[in-house]
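Visitor: As a plain string of letters, each chain reads:
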Amino acid sequence: MAYGFLFGVVTSLCQAEGVTVILPDAAELLAPVTGIDGFRLACLIDAATGMVVASIDDQENTVPRAAAGAADIVNVLALMNGGMATEETFEDVMVTFSDSFYLIRPLRRATEPQILLLLILDRLRTNLAMAHRSVRDFCASFAG
Amino acid sequence: MSQVPKLTRARQLAGSVWPGRTVDGYSNLIVARLRRLAATQSTGMLPFAGHCEGGVFFQDGLVVYAESSRTPGRPAGGLAPLGLVPGGTADLPPGPFGKLADMLAAVEPTVDATVELLSSESRYAKFRQAGLPAVPGARPIPLETLLAEAARRRQVLRQLSVTLTADTIVVRDTRLAAPRIKVTAPQWALLSRIGSGATPRGLAMELGRGVFATTIETYRLLVLRLASVPGYDPPRGRGEHAAMSFTRALSEERGI
Numbered sequence: 001m002a003y004g005f006l007f008g009v010v011t012s013l014c015q016a017e018g019v020t021v022i023l024p025d026a027a028e029l030l031a032p033v034t035g036i037d038g039f040r041l042a043c044l045i046d047a048a049t050g051m052v053v054a055s056i057d058d059q060e061n062t063v064p065r066a067a068a069g070a071a072d073i074v075n076v077l078a079l080m081n082g083g084m085a086t087e088e089t090f091e092d093v094m095v096t097f098s099d100s101f102y103l104i105r106p107l108r109r110a111t112e113p114q115i116l117l118l119l120i121l122d123r124l125r126t127n128l129a130m131a132h133r134s135v136r137d138f139c140a141s142f143a144g
Numbered sequence: 001m002s003q004v005p006k007l008t009r010a011r012q013l014a015g016s017v018w019p020g021r022t023v024d025g026y027s028n029l030i031v032a033r034l035r036r037l038a039a040t041q042s043t044g045m046l047p048f049a050g051h052c053e054g055g056v057f058f059q060d061g062l063v064v065y066a067e068s069s070r071t072p073g074r075p076a077g078g079l080a081p082l083g084l085v086p087g088g089t090a091d092l093p094p095g096p097f098g099k100l101a102d103m104l105a106a107v108e109p110t111v112d113a114t115v116e117l118l119s120s121e122s123r124y125a126k127f128r129q130a131g132l133p134a135v136p137g138a139r140p141i142p143l144e145t146l147l148a149e150a151a152r153r154r155q156v157l158r159q160l161s162v163t164l165t166a167d168t169i170v171v172r173d174t175r176l177a178a179p180r181i182k183v184t185a186p187q188w189a190l191l192s193r194i195g196s197g198a199t200p201r202g203l204a205m206e207l208g209r210g211v212f213a214t215t216i217e218t219y220r221l222l223v224l225r226l227a228s229v230p231g232y233d234p235p236r237g238r239g240e241h242a243a244m245s246f247t248r249a250l251s252e253e254r255g256i
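So the protein sequences, as listed, match chains A and B. Sequential numbering of the first sequence, starting at 1, is according to our numbering. Sequential numbering of the second sequence, starting at 1, is according to our numbering.
Because the hints were derived from the structure by calculation, they are not lab data. Every residue gets a Cβ at the ideal spot worked out from N, C-alpha and C, and that includes glycine. You can trust all of the hints, since none of them are fake.
Just some of the chain A residues that point at chain B, by a computed CB distance under 8 Å:
hint: 1; residue: A26
hint: 2; residue: M51
hint: 3; residue: P64
hint: 4; residue: R65
hint: 5; residue: R108
Chain A regions said to be covered by chain B (calculated; three or more residues, Cβ under 8 Å):
hint: 6; segment: 44 to 50
hint: 7; segment: 71 to 80
hint: 8; segment: 129 to 143
Extracted from the complex, chain A is given alone in its bound form (with noise of 0.2 Å):
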């Protein structure tokens, strides 16, 4: 039932014009995390390209500048890593802003970044600690 209002959801957002993503189908993919108290936009980036794969939003024209966003600042922390040569691996960023936090997280933890899951949140309506283990579960169900 719940999955059921979920990808109805989905299938409203995806239909916004405006939105131009590679895989459009892929949303459904993401209808977990619509349910995260405060949730604004989600989507998947390729990180080798920048390109988006799937989205899921609300706000015209927010996925392919927040979706580059994303990818800049992952691509400047992996060139950071390599440059120190620190034995750890990337597993995720956390923005705030004055209205919201932008949550980016590699769908698979690996030695680098594959593709990337951006989350934006309504700050007045996210418990941030919640919502990152929610991200965290979604990522670990996700890959399988």
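Keeping the supplied structure of chain A fixed, place chain B upon it in accordance with the hints.
Guide: Same frame as chain A, now just chain B:
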């Protein structure tokens, strides 16, 4: 010194001042033809000949596949060449990730080939009714989505062209600037093949990866000073290489 070939650069510069012509005018002709095919909900193939041979396959006005002689097709060895699963693993990982990775593996060669067909000095031939190629997992893509992605990629390549193009020869730099450095698996795959000279396109063809993604990864090796472009002398005090920015590429694409 720009890495863009002199003839291409001359055409880009001249294109902006010739009466009735726009920059990359030929590419605009191709785009117009593709748009007509999409608008008429055509099914078949638009072949390309010349510098870059290939074709764009339509089904009911949607692009289902594109191929080019200068880009690799769908990787025969599964998803490992795309860096989506560990090397040597050809099978899909279970669950949603496997489904998504499979979709991406089917779409990426089409986007890569489209960028090449729009960038190269090729010419299209007569649209013909043709059977769709047997590409596993091929997915229909709206033309405007494909063109938007191709335009974005061309802006990124334009940023990099000061230092590097897909056809620039790079060599492995044996003088490590740092005592230790860490490379990713895709970077190591490139480094081990660069040797005394290779181009991003050659590496992409050898590995079965996208030319665009390989060019970006090669650029990262330049930034990490693990590879270099022979004869390229980066300007001092303004950063070693042209900075790549996906965000800036969007702004430039829209003229912001």
